[in-house]
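Novice: Going down the list, the sequences are from chains B and F.
The numbering used here numbers the first residue of the first sequence as 1 and each following residue consecutively.
The numbering used here numbers the first residue of the second sequence as 1 and each following residue consecutively.
Since the hints were made in silico from the structure, they are not lab data.
Some hints could be false.
Quick look at which bits of chain F chain B covers, simulated, 3 or more residues with Cβ under 8 Å [stated by the list, open to error]:
hint, stretch
1, 50-59
2, 213-222
3, 252-266
4, 272-283
Keeping only pairs whose Cα atoms sit at most 20 Å apart, straight-line, the calculated EDC-like set for lysine to aspartate or glutamate is [said to hold, decoys possible]:
hint, chain 1, residue 1, chain 2, residue 2
5, F, K140, B, D137
6, B, K203, B, D226
7, F, K56, B, D226
8, B, K203, B, E223
9, B, K56, F, D226
10, B, K56, F, E207
11, B, K140, F, D137
12, F, K203, F, D226
13, F, K56, B, E207
14, B, K142, B, D111
Facing chain B, from chain F, some residues (calculated, C-beta under 8 Å) [what the hints assert, rightly or not]:
hint, residue
15, N234
16, G242
17, A243
18, S246
Because the structure is a prediction, the values reported are computed rather than measured.
Backbone N, C-alpha and C define an ideal beta-carbon position, used for all residues, glycine too.
Number of protein chains: 2
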Amino acid sequence: MQKQIKLINRPQGTPTNNDFEIVNLPIGEATEGEVLLRTLYISVDPYLRGRMNDTKSYIPPFKLNEAISSGVVAQVVESKSLLFNKGDVVLGSLPWQEYSVANEKAVRLIDHSIAPASAYLSVLGMTGLTAYFGLLDIGKPKEGETVVVSGAAGAVGSIVGQIAKIKGAHVVGIAGSEEKVKFLIDELGFDAAINYKTQDVAKALSEACPNGIDVYFENVGGEISDAVFPLLNNFARIPVCGAISSYNNEQADVGPRVQGHLIKTSSLMQGFTVGHYSSRFSDGAKDLAIWLKEGKLKYEETITEGFEHTIDAFLDLFQGSNLGKALVKVAEIETETSAVE
Amino acid sequence: MQKQIKLINRPQGTPTNNDFEIVNLPIGEATEGEVLLRTLYISVDPYLRGRMNDTKSYIPPFKLNEAISSGVVAQVVESKSLLFNKGDVVLGSLPWQEYSVANEKAVRLIDHSIAPASAYLSVLGMTGLTAYFGLLDIGKPKEGETVVVSGAAGAVGSIVGQIAKIKGAHVVGIAGSEEKVKFLIDELGFDAAINYKTQDVAKALSEACPNGIDVYFENVGGEISDAVFPLLNNFARIPVCGAISSYNNEQADVGPRVQGHLIKTSSLMQGFTVGHYSSRFSDGAKDLAIWLKEGKLKYEETITEGFEHTIDAFLDLFQGSNLGKALVKVAEIETETSAVE
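The following block holds chain B by itself, in its conformation from the complex (with noise of 0.2 Å):
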C-alpha cells in the first residue's frame, strides 16, 4: 500500500489541514506504455490554491475526493515502456503519491548529472521558467534600468532578480523579513530590499529607485503592489505572474485602481502563465543551464522531508516562510549501484 492526499474540502479563505485527507491505496501496476514511478520531489506552489476553487481559470479546478496533482520528479521502478529503463529519473504532473503509473508520454527524462534532480522543480522547471518568460517576454529589462520584484525570494522572484540583474538592470527586491532582505542583497547580488513587514514600502522604494521604476514584476498584489504604480516611469512594463497576497482572500480584493497610473505613464500590464511558452522551453532551460553552470544564478530550496508533511509544505506558502522554492522530499534516488545492492 502507498499513501495519497486529496482534496476533501474546497477551503473557504487560507487552507487548512481540514481540507485534506492522507488515504492509503494500492501501489498499481504499469501496463504496456507505462511506467511505475516512485515519488522523490513534490513541487508546491501558491497557484494550486486557485486550482482548489471551483472557478474558471487557466487550468481546470481540482475535483474534490480526488489526489491534487502538481509538479514531480519520480524515479522509474518498473518500465513497460520503451522509453524508459528502471532508474531513470523523469518529471511530470503527477499526482501527490508515493507511487503512481504514468503515461510514458506523461514524463521526461532528466538529467541529474548536470544539477540535482530538484532543481528540474525550481531554477531549471517551471518555476525557472516562468521567471525566465514572464519578465525577458513581458518585461523585456534594459541595462541601466530598474526592475523591481516582489516575493523577491520567493522560487520565482529570486530567479527573476537574478536574471534581471545577469541583463544589467538596478534590481530592488521587495520580501517579507529581514532573513530574505540580507539574502537578496548578500547571496543573489541584488542592489537593494525592503522587508515590506517592517518599512514603508511606498517611501523606501522611491528612496531605492531613484530613476522610478521601468519593470514591475507581480508576484504578491495587494497594497505591496499598490506603492509601486506611483514610481512608474513612461512605458513601464508588469509583467503579472501572481497575487498570493489575494489566493486566500473571501471578500473583494480592493485597492486603488490602476487605470490613471497606466494612462500617465503609457505602461503595460500583462497576466501570463508559463504554459503559453511551451513551444520555446527548451531554449529557457538552455539560457537557465548555462547561467547556472556560470555561477551567475543561485537557487535556494525549502525542502520539507517526509511525504506526510506535504500540506504542511503547501500551508507554509502562504505564512511566505519559504526561501527560494518549496519542495517535499519523499525519497532518495537510488543509485544503480544501490538498486543493485
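Fit chain F to the supplied structure of chain B, relying on the hints for placement.
Specialist: Just chain F now, with coordinates in the frame of chain B:
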C-alpha cells in the same frame, strides 16, 4: 483687442468657472516665419483636466495665469511665411484665444474640401487617431471577437466601436443615456449598447457578451470598468485610453484590484497616448478618410457656438452631455469670395 482664456486656479475636484478667467489682450502681429491666425474651432477634451493639475504626466501641466491650449483649427489672416497663404485653414495646438500668432512649423495645412474643417479635430484628427491606434495596435480585434467600449457615444468611443465593426467584431457600447444607446445601435451600427445609469452593467454586459469579452477599450475607469474584468476571455486586450470617471476625484479611486483577472486570463492592459504613434499618423488618417468616404464611419459633433462658451463646453464633458466630439465654434471660415467682398 481679442479674448483669451486663462487658468487661474488649479481645480479641486470638478473644475468650475472660477478656475478660469477671460481676459482681453492685443491681437498681435506675425513676424518672419510666422502666421497670424483666426481661431475657427477649439477642441475641448477630457485629458485637459489632467493638465490642470500640477502633477507629472505624459504632457506638462498648464501654467497658472497662462492660456489653456488644445487642438485648434484656424484660418490664416496674415502670412509672413512662405508655407502659408492668407485664407489657408490650418491645424495646431494653440492657445484658447480668438487670434494667435504661430510659427509656421507649429501648424499644418488641412484640406477642408474632403471633410469639414471641424472633422480635423474629431474623426480625422487626434480623436480618430486615438481610436484607430488604441484599438488596432493594442486591442487588435479579430473577426468574430467581442469588443466592449465605454464612453461609447463620446468622441473616441464612437469611432472605436465603428472601427471594431469594420474589423468584423461583435461590438457592445456602454454609455450614459437612452438617447446615446439608441444612437449607438441605430446610427453607428453597434450590436448592443448599455445605459449604465439605468441598467445593472455587470448583468447587461454578460447578456450582451455571451462569448465573453476579447477587447475592452477603456475610456472611463471606475465601477463601469470593474464590471468588465470578470467577463474577460483568455488573452483579452485592454487599451487604456481614459478614465474620465476619476479625473475629478479628490480622494483615491478605489475598486477591485485587477491582478487576479489578468493572471487568470493572461490578459493585457496597456495605457497609451496617441502622440506615440506620430510616425504613423498619415497611415491612420488615410484609413479614416477612406472609411469616412465609403460611409463606413460616421461622426457626430456637439458644437458649442461662441468663444465665450468654451469653458462651459469643457465643463459639460464631465456631465457626459456631449454626443461625439465636443467642439467650440469660434468663427466661420472666410471663403476667398467672402474675404474679397
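Novice: Indicate, hint by hint, whether the structure satisfies it.
Specialist: Taking the hints in turn, this is what the structure says about them:
no.	hint	in the structure
1	50-59	holds (count 4)
2	213-222	holds (count 3)
3	252-266	holds (count 15)
4	272-283	holds (count 3)
5	K140/F with D137/B	19 Å, holds
6	K203/B with D226/B	12 Å, holds
7	K56/F with D226/B	18 Å, holds
8	K203/B with E223/B	13 Å, holds
9	K56/B with D226/F	18 Å, holds
10	K56/B with E207/F	18 Å, holds
11	K140/B with D137/F	19 Å, holds
12	K203/F with D226/F	12 Å, holds
13	K56/F with E207/B	18 Å, holds
14	K142/B with D111/B	33 Å, violated
15	N234	7 Å, holds
16	G242	7 Å, holds
17	A243	4 Å, holds
18	S246	6 Å, holds
When each numbered hint is compared with the structure, a violation occurs for hint 14 only.
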